[in-house]
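Asker: So you can see what is in the structure, the chains are spelled out below.
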Amino acid sequence: MAEGTALLEAGAMFAALALAGAGARRLGVSVIPLYVVAGILGNEYVAGAAGLPAIRDGEFVTVVAELGIVFLLFFLGLEFSIDRLLEGRDRMTRAGLLDLGVNFPVGVAIGFLVGWSPIEAFVLGGVVYISSSAVITKSLIDLGWIANAESEPMLGTLVFEDLAIALYLAVLSAVVLGGGDLASAATNVGVAMGFLLVLVAGVAKGEVLFERYLRVDSNELFVIRAVAVTTLVAGAALALGVSEAVAAFFIGMGFSSTDHVEKLERLLVPLRDTFAAVFFFWIGLTTDPRLVAGTVGLLAVAVVATTPTKLLTGYLTGARIYGLDARRSTRVACGMVTRGEFSLIIAALVGGAASPVLSETIPAFAVGYVLVMSILGTLLMQSADALARFAPGS
Amino acid sequence: MTVYEADLPGVGKKFEVELEGESRLVIVIHNTGKRELFIRPEEGADSEKLFELSDRLARQVGTIMEGAYFQPIRTETIDTVLADDTLIEWAKVQSGSSLAGKTLAEARLRQELGVSVIAIQRGEETLTNPGAETEIHAGDTLVVLGSQAACRELDSVVGEDAGIDG
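The listed protein sequences correspond, in order, to chains Z and A.
Under our numbering, the first residue of the first sequence is numbered 1, with each subsequent residue one higher.
Under our numbering, the first residue of the second sequence is numbered 1, with each subsequent residue one higher.
Do not rely on the hints blindly, as some may be mistaken.
To be verified - Not the full set, but computed from the structure, chain Z residues with beta-carbon under 10 Å of chain A:
no., residue
1, Phe112
2, Val261
3, Glu262
4, Arg328
What the hints assert, rightly or not - Here chain A is said to cover these stretches of chain Z; the calculated rule only asks that three of the stretch's residues, wherever they fall, bring their Cβ under 8 Å from a Cβ of chain A:
no., segment
5, 136–144
6, 154–165
Treat the hints as calculated values from the structure; they're not laboratory data.
Note that CB positions come from ideal geometry on N, CA and C, so glycine has one too.
Excised from the complex, chain A in its bound form:
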């Protein structure tokens, strides 16, 4: 696969990505941040516009295309990759989870899994930087910081009938 890059003075940059056969995907990145996508079915044909995206949306779509979310995302978790292996994850505590009713100190998440709870979303409210005595309720969403592996393990802990020991 070859990518051709060209300057469009006054507009931005153009990238052409070779697809199967003669067809090419043409991406125009405007200086304003807007992205326009075109497909050119064959050499010499006109480019047909597919769609356009704002800068922000293009970045989000790009992350998905890149495969940053390799595993299908479960509805109750969202990741944000910080650097290398560290990510911020949102994990919802199910009503049957053994974490429900424990304080953060009792839950021993940092010691057992290596994840730090940096915030708890409870309904409309967000408790930032919760202390050791903060109690976890069923239905809370824990915002945690940790390695990818640790965050995956956390997923099993917040589920029903699950605890660190179980």
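Looking at chain Z on its own, in the form it has when it is part of the complex:
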């Protein structure tokens, strides 16, 4: 193919994303599943098989998708100033532990049930455990619940989950990318932990440095500097076999206690949203729908098993830990069902592993699972008030 076609492909990709976004708005669902669907429709297995020009899973798309992961996690870190974390940590911790203690083991149990290895089951646990911060937060704002009492347990649980996932990704990437035997896995965990320790120490002690680094009187230089440090550290982490997402998380955390938070949010959010959209598209691009169809049995079991558990933990969090009435607790319950970006990030991380379960089944499963759960979650949130009539104590 001629040189110019890469640009044309990028253009086609963004046009597909724009169309998917418009479709999501019209249907009143989250954009994430539709971005993924757009990727599936445009890939070699679908468009290619139909004889249409397919978008290749080329280097450009892959790198931008990686930037998507990096910036998603960077923004997650940005939300975690230590002060904020310490505020209201008691209830947040109890809610988070309840959520983790019920939903993670269910995924692991399903993994063992279908005869997977402990690592594979551990990955499945992560995929079904983590709710989607992006979709849930956006729905909270769209439904106007953000000003109500139910937003606190939901956002609190999400904060706990986000911290848990940063830790989880760190361990997972060390174990999975470390190869088969225990010794090399241990070495990798050691290297990863060492790198992260250095990073955490830098974040904890380097507040002044972070502050000064971005103190520049030009939006252009500001953005470039922020992108430079985030990408460089994330890239270095990846080169060392550490999760780039976790590294980006810590960089975000480093900036969270500086005066630049608002400006970072204002100037980098468009960048994050563009990169993240490409990440979801790339997930679709690398998904063979036949593989997803092959996991349909597992998918059915997971949906049936993990929807009620999230509803249960969400309801208990609202009613018991935050003392809300039945209607608001039902909203919390329905709100936590949606799974999204983090399930896909976990699946993307293990996609390069040697075991076929990790490299094929779980990524395909995750795509199907996120498609179902993000749409089911959005619908549940919209009908939460009707469902509240069936809630205990109402």
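Following the hints, position chain A against chain Z.
Answerer: Relative to chain Z, chain A alone:
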């Protein structure tokens, strides 16, 4: 009156202001700068969204709510408070004002009132940093810097049949 503040991780901050009875005004400030206003009629009720404002508009509305423009603003003047008592004011020179036709030196605004003319808007044109020999025309808008009291006095000078002496 009590104001309750809460963090909304990933979104921004929420402020709840107690109003009469049980009702509360809920203000959500998004990290992006957007402000959303809700009213909650009573404890346990859902918040009803009133409206949303951009960061810039919210600041302007906030200044008005704060009472920074305590006196009703006349159409021909606009103030910008700099610090403490100093403000920048726009004052339109009426056709009957004694200032019309005088140069800045003759008008003696700095000496008599203590206000400095930092610019003159004349139609589409803006004369920045005008000199002592610059003539004031009827219809000009003077952009002046001075104390609040001095700027108020200026209002009487730019009007009809008014001058510093009169």
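Asker: Double-check Phe112 (chain Z) for me: the hint is only fine if its C-beta lies closer than 10 Å to a C-beta in chain A.
Answerer: Status violated, d = 33 Å.
Asker: Is the interface hint for Arg328 (chain Z) satisfied, with its Cβ closer than 10 Å to some Cβ of chain A?
Answerer: 9 Å, holds
Asker: With 10 Å as the cut and Cβ atoms as the points, is Glu262 (chain Z) at the interface with chain A?
Answerer: 7 Å, holds
Asker: Quick check on the hint: Val261 (chain Z) CB to chain A CB, less than 10 Å?
Answerer: Given a least distance of 8 Å, the restraint on Val261 (chain Z) holds.
Asker: With a Cβ-Cβ cutoff of 8 Å, does the segment 154–165 of chain Z contain at least three residues near chain A?
Answerer: That given contact holds, which follows from 4 residues of the segment 154–165 of chain Z lying within Cβ reach (below 8 Å) of chain A.
Asker: Please check whether the segment 136–144 of chain Z has three or more residues whose CB lies within less than 8 Å of a CB on chain A.
Answerer: holds (count 4)
The structure is inconsistent with hint 1 alone, although it conforms to all the rest.
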